[in-house]
Amino acid sequence: MSELFRKDASVLAGLVSSGEVSAVEVAQAHLDRIAAVDGEVHAFLHVDTEGALASAAAVDAKVKAGEKLSVLAGVPLGLKDILATNGLPTTCGSRILDGWIPPYDATVVTKLREAGVVILGKTNMDEFAMGSSTEHSAFGPTHNPWDMERIPGGSGGGSSACVASFEAPLAIGTDTGGSIRQPAAVTGSVGVKPTYGGVSRYGIVALASSLDQAGPCARNVLDTALLHSVIAGHDPMDATSIKAPVPDVIAAAKRADIKGMKVGIVKELGGEGYQAGVRSRFEESVALIESLGAEVVEVSCPSFPAALAAYYLILPSEASSNLAKFDGIRFGNRVGDDGTKSVEQVMSETRAAGFGSEVIRRIILGTYALSAGYYDAYYGQAQKVRTLIKQDFDAAFAKVDVLISPTAPTTAFKIGEKLDDPLAMYLNDVATIPVNMAGLPGMSLPIGLAPEDNLPVGLQIIAPAMADDRLYNVGAAIERELLAKWGGSILGMAPELAGA
Amino acid sequence: MAEAIMNYDEAISKFDPVLGLEVHVELGTNTKMFCGCSTVFGAPPNTQVCPVCLGLPGALPALNKIGVESAIRIGLALNCEIAEWCRFARKNYFYPDMPKNFQTSQYDEPIAFEGYLDVEIDTDEGRKTFRVPIERAHMEEDTGKNSHVGGATGRIHGADYSLVDYNRAGIPLIEIVTKPITGTGKYAPEVAKAYVAALRDILRGLGVSDVKMEQGSLRCDVNLSLRETPESKLGTRSETKNVNSLRSVERAVRYEVTRHAARLAGGESIVQETRHWHEDTGISTSGRAKSDAEDYRYFPEPDLLPIAPSREWVEELRAALPENPAVRRARLVADWGLSEIDMNTVVNSGALDLIVEAVDAGVDPAAARKWWTGELSRIANDRGIELEELPVTPAHLKRLEELISTGSLNDKLARQALEGVIAGEGDIDAIVAARGLAVVSDDGPLLAAIDEALAADPAVAETIKSGKLAAAGSVVGAVMKATRGQADAARVRELLFEKLGVSE
Numbered sequence: 035m036s037e038l039f040r041k042d043a044s045v046l047a048g049l050v051s052s053g054e055v056s057a058v059e060v061a062q063a064h065l066d067r068i069a070a071v072d073g074e075v076h077a078f079l080h081v082d083t084e085g086a087l088a089s090a091a092a093v094d095a096k097v098k099a100g101e102k103l104s105v106l107a108g109v110p111l112g113l114k115d116i117l118a119t120n121g122l123p124t125t126c127g128s129r130i131l132d133g134w135i136p137p138y139d140a141t142v143v144t145k146l147r148e149a150g151v152v153i154l155g156k157t158n159m160d161e162f163a164m165g166s167s168t169e170h171s172a173f174g175p176t177h178n179p180w181d182m183e184r185i186p187g188g189s190g191g192g193s194s195a196c197v198a199s200f201e202a203p204l205a206i207g208t209d210t211g212g213s214i215r216q217p218a219a220v221t222g223s224v225g226v227k228p229t230y231g232g233v234s235r236y237g238i239v240a241l242a243s244s245l246d247q248a249g250p251c252a253r254n255v256l257d258t259a260l261l262h263s264v265i266a267g268h269d270p271m272d273a274t275s276i277k278a279p280v281p282d283v284i285a286a287a288k289r290a291d292i293k294g295m296k297v298g299i300v301k302e303l304g305g306e307g308y309q310a311g312v313r314s315r316f317e318e319s320v321a322l323i324e325s326l327g328a329e330v331v332e333v334s335c336p337s338f339p340a341a342l343a344a345y346y347l348i349l350p351s352e353a354s355s356n357l358a359k360f361d362g363i364r365f366g367n368r369v370g371d372d373g374t375k376s377v378e379q380v381m382s383e384t385r386a387a388g389f390g391s392e393v394i395r396r397i398i399l400g401t402y403a404l405s406a407g408y409y410d411a412y413y414g415q416a417q418k419v420r421t422l423i424k425q426d427f428d429a430a431f432a433k434v435d436v437l438i439s440p441t442a443p444t445t446a447f448k449i450g451e452k453l454d455d456p457l458a459m460y461l462n463d464v465a466t467i468p469v470n471m472a473g474l475p476g477m478s479l480p481i482g483l484a485p486e487d488n489l490p491v492g493l494q495i496i497a498p499a500m501a502d503d504r505l506y507n508v509g510a511a512i513e514r515e516l517l518a519k520w521g522g523s524i525l526g527m528a529p530e531l532a533g534a
Numbered sequence: 358m359a360e361a362i363m364n365y366d367e368a369i370s371k372f373d374p375v376l377g378l379e380v381h382v383e384l385g386t387n388t389k390m391f392c393g394c395s396t397v398f399g400a401p402p403n404t405q406v407c408p409v410c411l412g413l414p415g416a417l418p419a420l421n422k423i424g425v426e427s428a429i430r431i432g433l434a435l436n437c438e439i440a441e442w443c444r445f446a447r448k449n450y451f452y453p454d455m456p457k458n459f460q461t462s463q464y465d466e467p468i469a470f471e472g473y474l475d476v477e478i479d480t481d482e483g484r485k486t487f488r489v490p491i492e493r494a495h496m497e498e499d500t501g502k503n504s505h506v507g508g509a510t511g512r513i514h515g516a517d518y519s520l521v522d523y524n525r526a527g528i529p530l531i532e533i534v535t536k537p538i539t540g541t542g543k544y545a546p547e548v549a550k551a552y553v554a555a556l557r558d559i560l561r562g563l564g565v566s567d568v569k570m571e572q573g574s575l576r577c578d579v580n581l582s583l584r585e586t587p588e589s590k591l592g593t594r595s596e597t598k599n600v601n602s603l604r605s606v607e608r609a610v611r612y613e614v615t616r617h618a619a620r621l622a623g624g625e626s627i628v629q630e631t632r633h634w635h636e637d638t639g640i641s642t643s644g645r646a647k648s649d650a651e652d653y654r655y656f657p658e659p660d661l662l663p664i665a666p667s668r669e670w671v672e673e674l675r676a677a678l679p680e681n682p683a684v685r686r687a688r689l690v691a692d693w694g695l696s697e698i699d700m701n702t703v704v705n706s707g708a709l710d711l712i713v714e715a716v717d718a719g720v721d722p723a724a725a726r727k728w729w730t731g732e733l734s735r736i737a738n739d740r741g742i743e744l745e746e747l748p749v750t751p752a753h754l755k756r757l758e759e760l761i762s763t764g765s766l767n768d769k770l771a772r773q774a775l776e777g778v779i780a781g782e783g784d785i786d787a788i789v790a791a792r793g794l795a796v797v798s799d800d801g802p803l804l805a806a807i808d809e810a811l812a813a814d815p816a817v818a819e820t821i822k823s824g825k826l827a828a829a830g831s832v833v834g835a836v837m838k839a840t841r842g843q844a845d846a847a848r849v850r851e852l853l854f855e856k857l858g859v860s861e
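Listed in order, the protein sequences are those of chains Z and C. Residue numbering for the first sequence follows this note's numbering, beginning at 35 and increasing consecutively. Residue numbering for the second sequence follows this note's numbering, beginning at 358 and increasing consecutively.
These are computed hints drawn from the structure, not numbers from a lab. Where hints are given, some of them may not hold.
[Claimed, not checked] Which bits of chain Z does chain C cover? Going by a derived footprint, with three or more residues having C-beta under 8 Å, they are:
1) 234-244
2) 267-277
3) 303-314
4) 358-372
Built from N, CA and C at the ideal position, the CB exists for glycine as well.
Please build the complete structure, drawing on both the sequences and the hints.
Below you can see the structure in the form of structure tokens.
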């Protein structure tokens, strides 16, 4: 069968389970695609050919034996290199972990393996998930399949790019301030950050523990929902994991009916600072939503303008502590241990050599913010802002069922364009950060290309905690209309990759 | 290098000591505080570890509920209030024995706070109670254990290399911190020791820890400062670590009083620092300077949920607390018919629980007391170990007493049998058989031995016959020696007088 790699995950799962195509053929088609285009895209840091083919073969054996398969058995996937994988390198995009092989699997990875999902390899990311462009990877940037000179978003640029370049139909990302949604927006793919606690964090190298959340990336809403259903659920190994049934996201993605719903536009997430083409596509979406029978109103969240500043106190504070363990003593690279230096010197040299500039910047910020005498003014104040943001959301959801905004203020920018301007880089996440601060679920859905640069624009949909299913219902309803209008996936408008 | 010290009595006449005690207790839970690893002591290094307690990237803590329950019970036994809501916090500092380079601990929201413990000590005016105010008891995880190889001191400075064993990392700890203890005057060392001993008794009674100071499951840091008068403001304190026996607690306080006094009297100031106690030499030496600038950058642990023990649960735990050791003491005084002085001897010897165990097993209270405060205390003292470390069980004492009451053993032979127990030679009957310990009940060999003794000292028979019965002692002694102690001395005496036709 030609071009297996262009097929959606739900289609591939059907082909494999019916025996029409073997999982090994599916895996091989994607491995070949990676071999053909990833030299250019650089979505993967590590491709596990052997492991992928072995787990595909195991699925085929189950098909032969007539065993019941999961909804995604035999479907390939790219795994962000921040999830611990037993026997496979896990670098978090950092030199300090170059060569480290974890002795255990993250819970998400265990669930994927149990479901027969075929892990192709580990995808590129900003070092320790700090960034919005994947330029902060110690192993070189990932390129946007829409334009090789542009960034694929970040921190999960490898995951979004591998999906958008048809190297994998699915990917796992993690989202601390937008790292699933913003890459999805700028690559024309779908990405969901589930409710905080909806997916186990066990085995996901922590950036900011109170904000991190793993989630699904795919090329359409249904595939995203299928992956969501596989990875979500309570985990006793993660104390912050929610003890409640997973919302039925698959049913919601199939329902796709928003008639009679109330949809709120967040006044503070739009307007000035947002690219003209982003705004015009967003306005078209609003009209589309209304045409589907939903009522659209504007709501105000007055604390949101303070969210970015508060986020850049909470995140570095937690990160400075979470990243303290990287000292070269028990795992990872050790630098400077020539037998003459004290343990403090070796730790210090290891960290100085192992961490990149953005990581060091945030560790210093966080160390400062937590210091005695500054704690109340910085970390304490930021937590108060966080409470206000939650209250804004609560008030908004008293009036509407979901909230919408553009996912990112601009389309994909050029590699190198914002590298020397951290604040400009941080502003990319201005619309996604409030969602993490409140622990809510959010989706980014492609809604078209910006007329001025022909690059994808994303719509952000936000739901109340544990109402992740609403994202899929609303997303699928809009997607159905847009696919009809475009005559297929938005990715069909992307240029052919040179290697293909 | 030893520092100058001042005579203790002189020091106390010039200064008022203020104590502060921090006790770390390792809980006896089966698993660690945040993972499922075993807590058994003495396993080969780094065999009781997992991604969580090694702090591997991605691993997360999951709270041990028994650890929380133990903390609440300890708080209740120390008359503390139990927090309605509290959190863990991260204490950030870099050290190779800290897998995550932060310790998961509690900071400004301890699970138990505002308690006290009454302790009794002997004073010049008799027995007196001191109330030790307790500031807090909080939960935390233990660190790994460093050993420094090479170098003279066994400390990190000068070592060739260091090894880290993470078996201990993550074992649940409760840290119990007193408020400044004032008003002890010259009894500061005794109050400190009595407090740690009373705490140990309570913890043992709760069954939350094996409280073995020598294995580090109960560790004490002694804070001490001096001030000119009880009205003066608190002086600068030193914190002495590694104080790992009750005796050392007392000695460390005494030593620090004399050291502080010498410095202050010499016009020098006290350096706020961590000091290390040296059991062998009985002095402390300077460790790292502990300035107020040391900043642990505490913040609430985001990987764990807040703890909100329901009041029903707390009350259930309170209702199920074991008898307070002080109350129990009063009860035992009555049950055993002891005087307060006898009971003091028992308590001070540290043998109370061991005697209770023996009595519970059926040993007569007087006999149990005799063995534990007498012979066994002497042996433990000679060897410089705690009574608990002796391998003597209630069953041993019970059998010993049975053999004594049937006349099979006398006191001397019983002591030899105990030596056998301590030497690991098996149970009492096996030792008696192997060592040939049995009272010689047949008069024949005794009479022969008497004849021998009289023959060796012909004058003694006449002396005894003349009425100087005390001279019989040398004959009895000779017979005992000849029979290697296995004779019944009273019977020998009886036979001797019979033979010489003398009546007592």
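For each hint, the structure was consulted:
Counting residues of the stretch 234-244 of chain Z whose beta carbon lies closer than 8 Å to any beta carbon of chain C gives 9, which meets the minimum of three for the stated coverage. Evaluation of the coverage hint for the stretch 267-277 of chain Z: fulfilled, as 5 residues show C-beta separations to chain C shorter than 8 Å, against a requirement of three. Counting residues of the stretch 303-314 of chain Z whose C-beta sits closer than 8 Å to any C-beta of chain C gives 0, which falls short of three, so the coverage hint is violated. Chain C is given as covering the stretch 358-372 of chain Z, and this holds because 7 residues of the stretch bring a CB closer than 8 Å to a CB of that chain, at least three being needed.
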